[in-house]
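Number of protein chains: 2
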Amino acid sequence: MSFHILTAQSVKDFLLNIPNIKDFFDDDILESQEIGDGNLNFVFILKSQKDPTKALIVKQAVPYLRCAGEDFPLSKERMSFEIRALQNYAKLVPHLAPKIYYEDEEMSIVVMQYLSEHIILRKGLMESVYYDNLAEDISTFLAHTLFYTSSLYLDSSQKRHMMDSFNSNRELCKLTEDFVFTFPYMEHETNFIDENCLDEAKTLFSTMQFKKNVLSLKYKFMTQSDALLHGDLHTGSIMISKKETFVIDPEFAFFGPFGFDIGALIANLINSYISHFYISRDGAYQEWILKTIKEIFEKFELKFLALWDAQDESSLIIPNFIDDKTLTEFKKDFMKKIFQESIGYAGCKIARRVFGIAGVEEIRGITDAKKRKEANLLALKTGVKLIENYKNIENLDELIDIIQVQKSS
Amino acid sequence: MSFHILTAQSVKDFLLNIPNIKDFFDDDILESQEIGDGNLNFVFILKSQKDPTKALIVKQAVPYLRCAGEDFPLSKERMSFEIRALQNYAKLVPHLAPKIYYEDEEMSIVVMQYLSEHIILRKGLMESVYYDNLAEDISTFLAHTLFYTSSLYLDSSQKRHMMDSFNSNRELCKLTEDFVFTFPYMEHETNFIDENCLDEAKTLFSTMQFKKNVLSLKYKFMTQSDALLHGDLHTGSIMISKKETFVIDPEFAFFGPFGFDIGALIANLINSYISHFYISRDGAYQEWILKTIKEIFEKFELKFLALWDAQDESSLIIPNFIDDKTLTEFKKDFMKKIFQESIGYAGCKIARRVFGIAGVEEIRGITDAKKRKEANLLALKTGVKLIENYKNIENLDELIDIIQVQKSS
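Note that the protein sequences, when read in sequence, are chains A and B. Going by the numbering used here, the first residue of the first sequence is number 1, and it counts up by one from there. Going by the numbering used here, the first residue of the second sequence is number 1, and it counts up by one from there.
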């Protein structure tokens, strides 16, 4: 069906003709409601009138930035990349992504499982909720989605074929290039600089060694096609309960460097860690965040290596090419590079939130101006430190030390 | 027109209906002849009967490896990548690539300028011909084709759009992965090991540090999309006269690491340098080869940097992001990395010729078995040395030293 924008009313009529959706609702009478609070898209909930727990989520991309209106065009094809990434998750990590009931690239629409008992991880972290499965689940997500879409698993032809499906996600890659790697570190009209931090912004904008490293990381982001990334894996892209973790919203998906998704997630955990100095002052919870960061890295590495060890042949390595000892060394070097690049990207993802267009709620939302300033500057200091030093951070303890020491230094 | 394989006869009928070709020949009666000695394709020359200097070259890919026959399928779409690369050269370096008169992706055919006064550079080097313009021309070719197809010039969207046209050159990339980075360094049925070198092959196959570096370079080849490469830029892909240089046969074209084309060319110049110890013993000519290698690197760097300096804005760097001093440092680091990776790739391109399926004529063609063995082993030693040390070679003098010293060490 040719593209048209759906409303709370027309979405019902549109979907009731789809067998899979019909089956799901057993011919119940449906209610629908727009619930989108996102920046980019329309989101509806579709419910059975007699059993409101029977529900699905409908997401439609429109050909402009929803939060900014029709004057800010953004190609609706972004939904195609989200659909393709979700299909990939359904194969690789079905328990860590919402189930898909229907998708239509022409209509830029996807119908998904309704996660009634889950909240956005960012909110949970703000409320000091402990999630015992977070490190376990998200390390599985990272290890499986990154390994199985890389040249360490796919053969050369499969990999290039898969890249064809994501290579044209140009607009969203460009958003990241601009809003993660460029504008937040220079005078730019899109920035949002807290009026208490004008001097610090000026200083940052002229800190050149840091900017040189940002350029290197940006260049790698633009040219290194390690694996299929989520592309925007912050704590707002994770829905979570005490029992389950779901990764959502992969519309930024593209083939990029291994470290980018890991870095995005770690950055947002560090932001949460920092915010708690000023909100809850709950040291035990902060310790849990640091432990979670550590566990995510440790478990990711173990799982990624286990998948790699189980793989006898790939486009990179065929049997009998290299002896086990040397292969183990190669893998060790390889994992260390992923670790260090993740730290570099984490630094960018922290620093860009300070003066860039998109802040994080847990810091930009602090109402006390003095505390907000302190939190902002602590985040900035931590981000810059990671960017300036990522190539020399040798292990997890050094990383945790750096995160902890910024508050007192 | 749907694909069919042309013969010396049918190629005339096929092309005479093309206005551009008709114009070129002024309705002269034509002769055609198959002249292909290549491995992959059919090549015809089309001449005017009354003026044989009026001629064009016709190249058609067939859906198998021509030299091996129909049992070795190879998709004829390779010609599409050659056509697209040649179109790119026509824009960027029109004086360094054959002029195109007609192309048809469906028929996998391209009709090009006939280079009557030019010979294959490899042959010229074997005959100790001095080419005063070689370094100048080929450094221009490298600087322009690499810079203008990179993220240092193109905007993000243009670059991804261009990558779409080359990303599916899967089969030929796979050939390089296998025959440049894998099989020649292990026991493999496709290898061709001189019976005098069996022990040395065995030793090579178990030299693990070298193989670890090969894996790193292979991984980068598979995942680093710096710029549109020729992909097979050895001295057999260059037609040359004392006055002019033309790059031909870019069917391996794809987006890969900057250093790969440069490395391929340098490798083949080093092979020629080595061969002259055993063929001509012409030390002055060898000096000229070394000087040419040096000049190619120097001129490439100067030209690439000049293009970069002239570019105020790209997807990587926008005005006012970074100060001039730091940008100069960034560029210096960037160029050094290209230099070092070129050396790594040169090492692979030398080493793979020794025991791999495809040798180079100037060495594998040496008839005296003892000399052939010595040349092979000198090439091997040089290639391995470059692969083992590429990350630590700081400048051109160190590179030239390494090339020179292997003979006596």
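These are computed hints drawn from the structure, not numbers from a lab. Treat each hint with caution, since some may be false.
Stated by the list, open to error - Under 10 Å between C-beta atoms, here's a sample of chain A residues computed to sit facing chain B:
id, residue
1, GLU171
2, THR182
3, HIS188
4, GLU189
5, SER225
6, PHE330
Remember, it's a predicted structure, so these values are computed and weren't measured experimentally. Glycine residues also receive a C-beta, built at the ideal position from the N, C-alpha and C atoms.
- [ ] Quick one: which hint numbers does this structure break? Sort them smallest to largest.
- [x] Checked against the structure, the only hint that fails is number 4, while the rest are satisfied.
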